[in-house]
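Asker: Top to bottom, those sequences are chains Y and H. Taken in order, the first sequence gives residues 1 to 112; the numbers are from my numbering. Taken in order, the second sequence gives residues 113 to 226; the numbers are from my numbering.
Taking CB as the label site, the calculated pair distances span:
1) H:V150 / Y:A78: 32 to 38 Å
2) Y:A78 / H:L178: 42 to 48 Å
3) H:E195 / Y:S24: 31 to 37 Å
4) H:M151 / Y:N94: 29 to 35 Å
Okay, the calculated bits of chain Y under chain H, using three or more residues with CB under 8 Å as the criterion:
5) 42-49
6) 101-107
Treat the hints as calculated values from the structure; they're not laboratory data. Cβ atoms here follow ideal geometry from the backbone N, Cα and C, with glycine treated the same way.
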Amino acid sequence: SQQGEEDPQALSIQEGENATMNCSYKTSINNLQWYRQNSGRGLVHLILIRSNEREKHSGRLRVTLDTSKKSSSLLITASRAADTASYFCATAANSGNTPLVFGKGTRLSVIA
Amino acid sequence: EAGVTQFPSHSVIEKGQTVTLRCDPISGHDNLYWYRRVMGKEIKFLLHFVKESKQDESGMPNNRFLAERTGGTYSTLKVQPAELEDSGVYFCASSQERGKGGYTFGSGTRLTVV
Chain Y
1 SQQGEEDPQA
11 LSIQEGENAT
21 MNCSYKTSIN
31 NLQWYRQNSG
41 RGLVHLILIR
51 SNEREKHSGR
61 LRVTLDTSKK
71 SSSLLITASR
81 AADTASYFCA
91 TAANSGNTPL
101 VFGKGTRLSV
111 IA
Chain H
113 EAGVTQFPSH
123 SVIEKGQTVT
133 LRCDPISGHD
143 NLYWYRRVMG
153 KEIKFLLHFV
163 KESKQDESGM
173 PNNRFLAERT
183 GGTYSTLKVQ
193 PAELEDSGVY
203 FCASSQERGK
213 GGYTFGSGTR
223 LTVV
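With these hints in hand, go ahead and build the complete structure from the sequences.
Answerer: What follows is the structure, encoded as structure tokens:
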């Protein structure tokens with residue numbers, strides 16, 4: 001069954017603005033990860049937040065996790081045209097080897 | 113260390129033909145996963161190898177798909193015969209035992225069935 005559900009499905013912003021994407025999931029998780037996929041290319045791991053963490057930063061990325069609401073958000077500050085891509089959240093049920101469960105993704109377009 | 117390598121990066125085949133995708137995981141990673149994203153939809157899990165054994169193949173769509181990992185090193189995913197709906201991007205990922213170091217994805221193979 002589908003775990004992560006991102007919203008919005010598509011987001012278009014001007015360069016320099018902030019972009020916020022949300023993800024909800026249904027079952028207990030060990031960690032939640034965000035990935036980026038540039039058009040037709042591979043998945044790039046952006047950031048991982050564990051279930052006992054509430055917020056994490058990496059460069060222009062800020063991720064929050066609310067396990068009580070089973071939701072996460074990804075904030076990209078000062079967006080650039082190069083940030084244009086699809087963004088996916090993925091949940092891991094444990095810290096072991098179970099497969100990741102991905103959401104449908106948010107298509108972000110940053111207009112220069 | 114070298115990352116996860118997939119090839120070909122892009123394959124265009126006709127309906128009914130056979131295609132074999134290959135994934136070379138990071139050396140020493142026991143766990144290997146196949147995922148795919150079809151027609152801009154969500155990324156879906158296909159199967160999971162632990163070494164050469166299939167741990168979970170619940171995501172394999174039908175018997176036209178066959179995955180192997182001989183010797184527990186690289187893996188192949190064969191689609192035979194290919195159908196139009198098989199078009200999409202096929203991703204491979206690997207991880208160490210017990211998830212140490214997280215998952216590393218390859219760049220994917222874009223499959224186009226015409």
